[in-house]
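Novice: Okay, here's what each chain looks like letter by letter:
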Amino acid sequence: MAVYKRTYKAYAGQLTPSWSRFTVLARYGFSTLFSSRIFTAYTVLCFTPFLVGLGFIYFVHSSTAQLAFGQHLSSIPLINGRWFFGFLVSEAWMGLILTAWAAPGMISKDFANNAVQLYLSRPLSRVEYLVGKVTVLAVLLSFVTWIPMLVLFFLQAELEGHGWLGENWWMAGSIVLAGLMWIALISLLSMALAVWVKWRIAASALMLAFFFVLPGFGEAFSAILRTPWGSLLNFNAVILMIWAQLFRIPLSQRHFTRFGELPSWSPWLSVFAVCAISLWLLHRRLKAREVERG
Amino acid sequence: MPAVIELEDLTLKLGPRTILDRLNGQLSGHCIGLLGPNGSGKSTLINTLLGFYRPAAGRVRIFGQDVQEHRRQLLGQIGYMPETDAFIADMTGVRFVRYMAEISGLPAREAMERAHEAFFYVGLGEARYRKVGTYSLGMKQLAKLAQAVAHGPRLLLLDEPTNGLDPQARTRMLELVREIRDTSEVHVLISSHLLHDIEECCDQVLILKEGHIAAICNLEEERRANLKFLELEVTHENGFLDAIRTLGCECASFGGGRLKIVLPEKIELRQIYQLAAEHTAQIRRMNYRRDSLEDIFLKAMAGTPPPPMPREGANGRL
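Chains as they are written, first to last, in the numbering used here: chain R, 148 to 441; chain A, 15 to 332.
Since the hints were derived computationally from the structure, they do not count as laboratory data. Remember, predicted model here, so these are calculated numbers, not experimental data. Treat the hints with care, since some could be wrong.
Have a look at the derived ranges for each label pair, beta carbon to beta carbon [to be verified]:
(1) A:Pro-121 <-> R:Thr-154: 16 to 24 angstroms
(2) R:Lys-156 <-> A:Pro-30: 42 to 50 angstroms
(3) R:Gly-160 <-> A:His-226: 37 to 45 angstroms
(4) R:Arg-432 <-> A:Gly-39: 30 to 38 angstroms
(5) R:Lys-156 <-> A:Thr-25: 32 to 40 angstroms
(6) A:Pro-30 <-> R:Ala-423: 27 to 35 angstroms
(7) A:Arg-73 <-> R:Ser-182: 23 to 31 angstroms
Here are some of the chain R residues that sit facing chain A, going by a computed Cβ distance under 8 angstroms [as the list claims (entries may be wrong)]:
(8) Tyr-158
(9) Gln-161
(10) Leu-162
(11) Arg-184
(12) Thr-187
(13) Ala-188
(14) Thr-190
(15) Leu-192
(16) Asn-227
(17) Phe-258
(18) Ala-262
(19) Leu-265
(20) Arg-436
Where is the CB? At the ideal position from N, CA and C, for every residue including glycine.
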């Protein structure tokens, strides 16, 4: 189909591997997101906690730096599970804003003008479509949550020496698991909300409401009915409880909510339920054609 | 010609409703028209061909392969232009088409090249760097066609391609469809409720009525079979009628010089002119009366042949 001829010609060249089609969605997703300067600037900002953590670990292990700042080692907090827990919390909330910004735009644009049918009329399944979109979020969030944490963890192990890694190896697993759980939760939730409302601003607002408004209802429910189970709707607390378990924070230091009165598996169940409902919503709504039954 | 699309007892239900009911037939035309009134199941059939809906019974084959079993492989060979708006508003036209071509399996470089070519081909070359959301309705239709052809499919499914187009844009769209058809590298299936669109482009027609096949006909054969009907209006007959009969034509006179003639296969129009000249008969009006698609469609809808109507497009005034 040469331009000068302007006649139709079938394509007879090489095709990309069938399995790799979802990467096209991911590639275009990144390209679209980073075409926004504000988004790029915010993504860079998300690395601030990492840089602060890096500086802190250096400070802890550098007597010269401590002397320069007039600090003594005994007055500096220990780098342990509690420290990594706090670090994850700061990274995770920055990641939440990132997701609330990025995810609805990626999905709702396809739904706003019925482009989904164009994707699915090609050799691309619904699962691949979703994987392509989630890949963008997963990679972004990984780079602002568990990957920098692992870097800090191994840096700390290297500088600390004296068997610190042997005593704290479990923390590496906790970092990866806590990060992946958070990524799975907010990715699936944001996708499901975007598919459900099909309107970018509304989807972003719902995403933030899920973490900042729903907890209020949950705690009100608990207070009125005098039951701790309403705390399962407080996803800020749910996530903190899971991370506290993973980072082995003693019960006496967990002051997030009334979770002490609930079984330890209940926050996991809550997260699992949200992921399952999100997947169900995606299964129901992510279709090339809406079918009106009846 | 091997069948492009084969329907074998195809039944499709959405909820309790049966949308397509035991469709059987083979479609092998180069350009296949899918006709039927609104709600007859045209778009649903296209969606089933794309594998969006799973049949309740029966099967569909495209190029001999079952759509459900070889969906992925077949979708790589199909280009689809949906009836409704379908685009990503904040992408430029060429980026949008390139994106779709890459998802179809073209490497990035080839996809870019063909996206540009597709835009020039449909006549939107100058507008290819504008965002699709800013296009007019006609431009959006052409952009949809560009994304459907960019990856070079073997079968092109066009669902109401002239919807909402002004006459000029509609003519352009039909020209493009004919050009694509004539390359012989691609089969085209057009769904429309506009008889003219189908008649302009197609050589085979599937007519649907309430989820059933009302008719499958080969338009080319119909045209050939019915080309020999003539309606004449002459002055100074001077034995012209008898002379025509000597050629072996069936002929009827309705007074006032109005004649209806059925020409045998071997008789050509030129011979009628020669006879008219020989008998100094003046032909004032001549109509090719052929069984138009409208007649075929109405027959299929009603089950009874409609009264003959003159065809405007085939009029010849002398």
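Novice: Take the hints in turn and mark each one as holding or not.
Specialist: Status of the hints after comparison with the structure:
A hinted range of 16 to 24 angstroms for the beta carbons of A:Pro-121 and R:Thr-154 is consistent with their spacing of about 22 angstroms. Separation of R:Lys-156 from A:Pro-30 is about 46 angstroms and conforms to the stated range, judged on CB atoms against 42 to 50 angstroms. Range check, R:Gly-160 to A:His-226: Cβ separation about 42 angstroms, and the 37 to 45 angstroms hint holds. For R:Arg-432 and A:Gly-39, the hinted distance range of 30 to 38 angstroms is satisfied, since their beta carbons lie about 34 angstroms from each other.
In this structure the supplied range 32 to 40 angstroms holds for R:Lys-156 paired with A:Thr-25, their Cβ-Cβ distance being about 38 angstroms. The hint said 27 to 35 angstroms for the Cβ distance between A:Pro-30 and R:Ala-423, and at roughly 29 angstroms that hint holds. Checked against the hint of 23 to 31 angstroms, the pair A:Arg-73 and R:Ser-182 fails, with Cβ atoms roughly 45 angstroms apart. Here the hint on R:Tyr-158 is kept, as its CB sits about 3 angstroms from the closest CB of chain A, short of 8 angstroms.
Checking R:Gln-161 against chain A by beta carbon gives a least distance of about 6 angstroms; that is within 8 angstroms, so the hint holds. Because the beta carbon of R:Leu-162 sits about 4 angstroms from the nearest beta carbon in chain A, less than 8 angstroms, this interface hint is met. Of the supplied interface hints, the one on R:Arg-184 is violated, with its beta-carbon coming no nearer than about 15 angstroms to a beta-carbon of chain A, more than 8 angstroms. This hint is violated: R:Thr-187 has a C-beta 17 angstroms from the nearest C-beta of chain A, more than the 8 angstroms allowed.
Interface hint status for R:Ala-188: violated, as the beta-carbon distance to the closest one in chain A is roughly 20 angstroms, over 8 angstroms. For the restraint placing R:Thr-190 at the interface with chain A, the shortest Cβ-Cβ distance is roughly 19 angstroms, beyond the 8 angstroms limit, so the hint is violated. Among the interface hints, the one on R:Leu-192 is violated; its C-beta lies about 24 angstroms from the nearest C-beta in chain A, farther than the 8 angstroms criterion. The criterion of a C-beta within 8 angstroms of any C-beta in chain A is not met by R:Asn-227, whose closest approach is roughly 47 angstroms, and the hint is violated.
Below 8 angstroms, beta-carbon pairs count as interface contacts, and R:Phe-258 has none with chain A, the closest being about 10 angstroms; its hint is therefore violated. With 8 angstroms as the threshold, the beta carbon of R:Ala-262 comes within range of chain A, its nearest partner Cβ sitting at about 5 angstroms, so the hint holds. For R:Leu-265, the shortest C-beta to C-beta distance to chain A is roughly 5 angstroms, which falls under 8 angstroms, so the interface hint holds. Against a cut-off of 8 angstroms between C-beta atoms, the interface hint on R:Arg-436 holds, since the closest Cβ of chain A lies about 5 angstroms away.
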